[in-house]
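> Here is what each chain is made of, one letter per residue.
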Amino acid sequence: MTGYAAPIRRLIQELSRFPGVGEKTATRLALHILTAAEEDARRLAESIIEVKQKIRLCPICFNLTDKERCDICRDATRDKEAICVVSDPDSLVAVEESGSFQGTYHVLHGLLSPIDGIGPESLRLQELLDRISHDSVREVILATNPSVQGESTALLIAKLLHDKDITITRIALGVPVGGDLKYTDKMTMAKAIEFRRGM
Amino acid sequence: MTKGHRRTTYKTTGFVLRFIDYGESDRIVTFYTNDYGKVKGIAKGARRSKKRFANAIELFSCSTIIFSKKPRQELVLIENCDVINHYPDIRTDLEKTLTASYLIELIDQFTVEGKRNLQLFRLLKDFLELINNSDYSEEIIRFFEIRLLKHTGYEPVLERCIVCNMPIDRTENPFFNPKNGGIQCVKCRHNDFSFIPVSIGTVKMLLMGKEIEIDRIHRLILSKKSLKESREILGSFIRHTLGKELKSLQVLNQIKRMTVQS
Ligand SMILES: [Zn+2]
Ligand SMILES: [Zn+2]
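For the record, the sequence lines run as chains A and B.
No gaps in the numbering here: position 29 of the first sequence is 29 in the working numbering, and each next residue is one more.
No gaps in the numbering here: position 26 of the second sequence is 26 in the working numbering, and each next residue is one more.
This is chain A alone, in the form it adopts within the complex:
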């Protein structure tokens, strides 16, 4: 890398901080940006700034949004009494794309992971409990990954909601043990929602 001029080195360094990007890939990306039209490079830089400035968390469901409230929470046709709990915005998109869910969401922004020190206080869990105690909620669907972290998070939420008059269900069929909702195809996801089981 020492053969490159300082500004290029700096760009490579910045890019190699992305998840899964090593120095080799970072160098390739940097050289691509270098040879791209100035306009393209500017658009990229601007879109990074824009995302940082405009995107925030919806105060109701904690999904990413550029508005006061996210599109789903603002949509009057969505069933506000059914909440689908997901670990992150990626999973929300996976469930949403299956087209089989008409309720609203709650994004936890993580899953329990004791060995990494991630406990309930590191998640948007209290916010979910608050929401349930204030609003009228009929069903909570726990759509966390079928991994140890996803299962234990679902078990904890089920335990915390146990004495409430709410149907608690867990996505079921199709998503294999240890699988990731992100990589689950639409059909499987739709089935997993349809055949959710009580908890």
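In case anyone wonders, no lab produced these hints; they're calculated from the structure.
Any given hint could be a false lead.
As the list claims (entries may be wrong) - Here are the simulated lysine-lysine pairs, DSBU-like style, with alpha carbons at most 30 Å apart:
(1) A:Lys182 to B:Lys40
(2) A:Lys164 to B:Lys256
(3) A:Lys182 to B:Lys50
(4) A:Lys186 to B:Lys210
(5) B:Lys210 to B:Lys244
Only a predicted model underlies this, so the values are computations on that prediction, with no experimental measurement involved.
Please arrange chain B with the ligands on chain A, whose structure you already have, making use of the hints.
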């Protein structure tokens, strides 16, 4: 540079201690294996490939692992994993999952990579099976701790006073000193009040729990007082030995606070 480029392939059995997602679909995994102790490697495409990994890279699941390694390479390449046991009864129980998480964190913290310890491997295997197949009990955690300390060379001295060698039976009001890793009789305590008072009964139960055959371990039931004392003795000693509080214990306490509230 001509020598040492060759990959060697290994086959072993191991438990997943931890993993992090890496890149688009890879995982960096730490296993505790039968033949090579702690092994850290990269499983390329682990989140996508059902063929090579079949969802084996899950916390505390046990699989047959094939990995390859170049000399002096830090991460091995995990080629293939075949699940032997997912421990389904642990995964579907919050308390058991939290317990198992604590056990694997202990194993992770008390070991270094590439050092084989068959007793430790057996210990983890026996206790995961125990947790999976029986009801939760706090005793199991304490007996795991004392056995882990024994197999890693940190066994505390419980049989006698660590200073004057007075057998525990003959001491009155013995104390446990986490800094020295042993019992001290009241005479040898001098005026240090940081020591933890312990009863002889508790110590005897821990000594039994350390040695008893695994299939008889359920016969050892500790009184409430002994459970509390054991938790304090072993907890303080482990904290002192590692120089920190384990993360899974902190999470466990958060969850306890939360579930008591509701
Ligand atoms: Zn929203
Ligand atoms: Zn003494």
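> If you draw a straight line from the CA of Lys164 of chain A to the CA of Lys256 of chain B, is it 30 Å or shorter?
Status holds; Cα separation ~19 Å.
> Would you mind confirming whether the straight-line C-alpha gap from Lys182 of chain A to Lys40 of chain B stays at or under 30 Å?
Between Lys182 of chain A and Lys40 of chain B the Cα gap is close to 25 Å, so the pair holds against 30 Å.
> Sort out whether Lys210 of chain B lies within 30 Å of Lys186 of chain A, counting only the CA atoms.
violated (52 Å)
> Take the C-alpha atoms of Lys210 of chain B and Lys244 of chain B, compute the straight-line distance between them, and say whether it is at most 30 Å.
Roughly 24 Å between the alpha carbons, so the hint for Lys210 of chain B and Lys244 of chain B holds.
> CA of Lys182 of chain A to CA of Lys50 of chain B, is that 30 Å or under?
holds (15 Å)
The structure is inconsistent with hint 4 alone, although it conforms to all the rest.
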